[in-house]
Structure formats: C-alpha cells, structure tokens
Amino acid sequence: MADSTTARALAGGTVPGPSQPDGIPEPHFSGWTCPAPLRDQRHIVMGHGGGGALSAELIEHVFAPAYGGAALAQLGDSAVLPLGGARLAFSTDSYVVRPLFFPGGSIGDLAVNGTVNDLAMSGARPAYLSCGFILEEGVETATVAEVARALGEAARAAGVEVATGDTKVVEAGHGDGVYVNTAGVGLVPDGVDIRPQRAVPGDVVLLSGPVGAHGVAIMSVREGLEFGVDVRSDTAPLNGLVEAMLGATRDLHVLRDPTRGGLAASLNEIASAAGVGVVVRERDVPVPPEVANACAVLGLDPWYVANEGRLVAFVPREHADAVLAAMRAHPAGTGAALIGECVAEHPGMVVARTGLGGTRVVDLPLGEQLPRIC
Amino acid sequence: MKYIEEFQNPDLAKRLLDEIHATVTRPWALMEVCGGQTHSIIRHGIDQLLPEQIELIHGPGCPVCVTPLEVIDKALEIASRPGVVFCSFGDMLRVPGTGRDLFQVRAAGGDVRVVYSPLDALRLARENPERQVVFFGIGFETTAPPNAMAVHQARKLGVENFSMLVSHVRVPPAIEAIMRSPDCRVDAFLAAGHVCSVMGIGEYPELAARYGVPIVVTGFEPLDILEGVRRSVRQLETGRHTVENAYPRAVRPEGNPAAKAMLADVFEVTDRAWRGIGTIPGSGWRLSERYRAYDAEHRFSVEGITTREPAACRSGEVLQGLLKPHECEAFGTVCTPRTPLGATMVSSEGACAAYYLYRRLGGAPAPAAGKEANPVG
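In order, the protein sequence lines correspond to chains A and B.
When we follow this note's numbering, the leftmost residue of the first sequence carries the number 3, and every step to the right adds one.
When we follow this note's numbering, the leftmost residue of the second sequence carries the number 16, and every step to the right adds one.
Treat the hints with caution; some may be incorrect.
Unchecked claim - Label pairs and their calculated CB-CB ranges:
id : chain 1 : residue 1 : chain 2 : residue 2 : range
1  : A       : P105      : B       : T113      : 35 to 45 Å
2  : A       : A68       : B       : I320      : 34 to 44 Å
3  : A       : M48       : B       : T113      : 20 to 30 Å
4  : B       : I19       : A       : E320      : 31 to 41 Å
5  : A       : G350      : B       : I19       : 27 to 37 Å
6  : A       : M48       : B       : M194      : 40 to 50 Å
In short, the hints are calculated from the structure, not lab data.
Glycine residues also receive a C-beta, built at the ideal position from the N, C-alpha and C atoms.
If we strip away everything but chain A, and leave its shape as in the complex, we get (with noise of 0.2 Å):
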C-alpha cells in the first residue's frame, strides 16, 4: 500500500505518482479523497427549510436555547397545553407553496389541511384557524381572492372556523406573491394521549394511503420543470379519519403526517423520539405508479417526497384490525396499509426490508431532497 499520509497531502492535486515504465504516471487512490458536506453555515439555506436534520439542528442550536420552556420541549407537530382544566393543542404553519395553483390543490388548502392535520396528529379536534396573508406589492387582487376563497372552502370542508386574521403587503421584489401564515387550536379529548415518544416495539405502523403525490404534483408545474404526469397533490385534512380511528381506539399510539422530508422522516422522528427501532416491508409501502415514474426520471426516492394527506400510525398490535378497518371505511384512508412493525433492536433507526429480501437502513433527509446526477 502506498504511504498514504503523503498520498493524503497530495490529495485533489494534479501531481503525478511516480511514472511506470511506459511513462504513464500512476494515479494516488491511496489518497482519494470525497467532498463532504459542510455543516457549519454562516447563512440560511435552503435545506434549512427541509424538514430534515438541517431543520432539526437549527431548531436545537438556535430556537429552542432562545426560547425555553417545556412546551418547545415537545417538539411534535403540535404543542399540547393544559388550559382551564382542559388540554389545548396549539400548532402554527408558513406557506411558501410556489406555484401557487397546483394540480389537485392550492395554498389556500395547505394553509388549512396543514394546521389542521398538525393539531389532528395529537388527536385534538381543530376548532379555530387565525390566518394571515403577506403579500406582496403589486399581485393581483383576484389571485388573492381566489387563494382566500379555496382558504374558506378547506376550512369549512374541515369543519374549522377562520376566527381571526391578518394583512401585511411587503414592496414588489420583497416577497413571492403571496405567503400565508396559519394558527390553529382545538382540544384533546379525554383519554387520549398520541405522541411521538409513545410508540413502543409490537406496536404495528399502518400508513392511511399512496405517498409521494403531493411533493410531485408540485414539481411537474415547477418553472423550468413541466413533465406530462397525470399526479394530483394528495391535500386533504385528516381530523375526520383520526376521529374514525379513535372510535376503534383511543390507546393510538402515535400519529404524525408526513409532509416535508416525506415518510423517511416522519418514521426516523418517531424512531429517535421513542429510542426505538422501526422495521418497514417495502413492497407494502403504496406508491402510485406515475409517482414511482416520475422520482425514477427525477432521481428522486418516494419515501422522501412531501405529502398532505396522508398519516402514519403507530398501534399497538391488538388494535391494528381494528383500526385499519375504521381507516379503509373513511373516504380519506380506502388505500390504508399496515407497513411494518416497531421493534427493540436498532433503536433510533428506520430499517427497509426490500422487494428482494435485502435490508437496507432509511436514513433521515439532511436537507433538501435534490435530483441526483446519476
């Protein structure tokens, strides 16, 4: 083997190892060396924003020393707050959709069925939305009307009220269009107590439906991008398929919705919060065709593309029939499928059993999900 501590100082250089007979100099593998990451940023990017450990290290390392308390503590989609002798789960979501008019949804239904689905995977019932609109200087009035009008139209198909909201306009150039801040609040009901920390091994993890479709729906009318698939964004509000499930049982263990980072990191959350292992069969993972389609052409993986529809459960094994049932005779959950099991072993990890019989680890997003070269 070569002497790799001078390999190594000749790394990503262009000197020549010593020549071979016919003069060719020989290459240093022995030095190779692979660009890494860089993890200390001196500026926000944009993975920053991706739900996944970029997002998780700005919230460890910079919001939650500056703000304390025990509710931060939490850290789940929502914060669950004793209030007057009833429990309150409290939850708030920014929306920055581009475009915004997609197939099968807009940014008005995000800024409801988000919010709403936020305080649903406590097992809250959502009662009251705020919303507040930033736009900027010069969009168009009827694009506002048109995002306000799918806004109420969600809230109501939801069965939430707009009670209080706000307007700001930034100057031209300052902003994309239109941003739309919402709030939300509503009560857990008695007995019920659903958060990441709960899921223990035997409980079974069942997934409410296909995933992948809302993050490509977005992606085949991006600017620059346009593909001809036929993928509609999945968003819908999950409170009523949450209270069908509670009617089977109220012992739900966990349950999160796996928007940004997908379901790669929705299971990683849950598996490092509970310190447990989380085993998935692949194959039983749905995954609509033209989704598959589209992330083969894109280099993208469907477990890591956002959804806004869809929820993964953890229950304990003796309720799986049960509530799988109640899901598949809710409209929001037919395509229901119990996907894998939590287990001791491998505490922390999300563990993929393949097609083919293989194992492989399903890691947590870093930052952005970014189309892959080759």
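Go by the hints and put chain B onto chain A.
Leaving out everything else, chain B in the frame of chain A:
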C-alpha cells in the same frame, strides 16, 4: 412500472442468486463502476444476498465525487459574480469547495439555479440576454451528449451570453488507471451500462485482454446487476476474461452514433484531474477549439484560483477495496454520516456510510438468499 418492475422480480432474482451461489467456489472482488449501480445495490440490499465470497467494490463512478476541487472553486467564483446566472444539476449544489458550496453562494445573493437539462440553461440565456448564463457541465459519457448539444445549439443560434464550465470525465481511462494501480485487487468490472449505451463497447476488449479482467456491461435494476454478477463470476470461475454485454436492451456494440458524432464535434480528449486521485491521462473532455468561445473558464478568467482541500480521509483505499471502512482510524469517531470526512461517508450508497449504518444494526448477518430473515408484521 413498465420495463422497470419486470427487472425487480423477486422470483427471477432468486433464480439468478441460486445460480451465482452454485457457481462460486472462491473469493472474487467485483467493481461496479457507476454510482447509479452502487445506489441500486444498496437500495435493494443486493450485496447482502450474494455469496460471502463475492465482494462488491464501489467504483469511482460518482461524477460529483471526482469533480476536482479546482473546478468547484471556479464554479463558486463564477456563480458569485454579479450578472451571472449559474445553472447546475441539483446534487452539485452541496459539494464543498474551499470553504463554501453553491448553496452558500446562493444564500449570499448569487443567482444559482437547479436545472434538469443543459437546454433549460440555454433557454434561460435566450430569455435573459443581459445576463451571463453559465452551465456546470460535469459527469461521465452519459451527461456529455446533451451538454455537447447545448453548446452546439448556442453556437448555431448565436447565443453569446451562454457558456459552459466543463469538467467531463471518461470511464475507460479510469478503469485502466485502477488496473494499473499496484494495489489493485479488482477481479472483474461491471461496466456502466448507460455509458456504454452512448459510447458502445469498442473500448473494452483491449482493456480486458491487456489486464486479464472480465468486463461485463451491466444495467441498473436488481436483475440487471445480478445478471452482471452472474456472468462475471462464470467467467472468473472458468478462467476467462472477455467483454460481455449483459444489458443488450439498452446497449448496442456501436453505441449511439449520433451522440458520438456530437461529442467528437464539440469536445476533445484532455488529461483530467480526478478529485483526490490526481491526473489520469486522456480521462476527460474539454470544449474543442471551434467552441472555445463558449468555455466559461476562458470567458471569466478564473485560471488563477488556488485551492485548499479540507481534511483528508482514506476513502481512496476504501474505494479500491484495500481498506474496510471500519479499519479506518477515523471511522465512527470523528467521521460519521453527520460529520463526514469523505464522500463515502456522505451518501447512503457510500461504502463507509453503509458500514456505519449496518454496524449500528448490531452486525446482524446478512439474510440467506431469497429468504426473509426477519419478516415484518
């Protein structure tokens, strides 16, 4: 999916695996050349299903990893200039140069855009005649034809605000360099199927003969890879070393003549530095004299860049199969997937990352072929 699902069929995979298990009698090291093949192997857990005697060495076929630091730094410099729209394939954005990456250039105000085709960059140039639009043209023989087409079109249409930063690399000289390395322990190559679909297989018989090594042109789906392994092992066990095409649905012996003609017009062969390795003679392409006006290096005068490589690691030895990842002193201590020293620890298909993750699984033995060791649910 039509023409993909068929090549993931578990029953057919089991048949191929059974034949491989029945054929192999002693240890062999096979190198899959292309990063896409490595991805598929890890994605489907194929390495765990093969006989213990067969070792897959992940080759240098990741264009992102081998693009030299100097070129990355030139990209960062060009992308930082006012008036420039810098276009790239997505996964180049997080490759670090000396101290920063393209994401950070964008965060600091640079106009860096992800495109899916070099022709999109050309379109941007036509739509924004007041801006300089630069496309980052990297990759193997697979990405080279569309890049050549974009430059050809730019010249034909007279789009003078378009240019390309070119750092293309070629597979056959890399295979030769690996075989010439004194420590080389590769017994057979799974050649990169899509590279061959462009270039054909004419460059390989001489390599197979000179170095006595089987070269099997291999595709990317599980059945393709298993077929490539099966044919390689069959050759090795019978003492043969020829070129076989195990990917005939995509690869013709002569390749794609139209693409090759375009490449010959736009590019010329040049020596190319591979990151961490050094220069491999004749292993790259640059724009030919006729198209030099579209060369971003010339247009932006970025020749005088000095580079500083971050902390080195031993991934070169890992990539050659000389060192198992866990034998590296940095493995699992200062070097983890969250704090990687090298690309082999970065992506999920990297050898070091795979070792790290599976070791944390408790070193569970690979399940027997075709059986589920631990069925779910």
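Consistency of the hints with the structure:
1. A:P105 with B:T113: 35 to 45 Å: Holds, at about 43 Å.
2. A:A68 with B:I320: 34 to 44 Å: holds, 39 Å
3. A:M48 with B:T113: 20 to 30 Å: Since the Cβ atoms of M48 (chain A) and T113 (chain B) sit about 22 Å apart, the hinted range of 20 to 30 Å holds.
4. B:I19 with A:E320: 31 to 41 Å: holds, 39 Å
5. A:G350 with B:I19: 27 to 37 Å: Roughly 32 Å apart at Cβ, these two residues keep to the hinted range, so it holds.
6. A:M48 with B:M194: 40 to 50 Å: holds, 41 Å
The structure agrees with every numbered hint stated previously.
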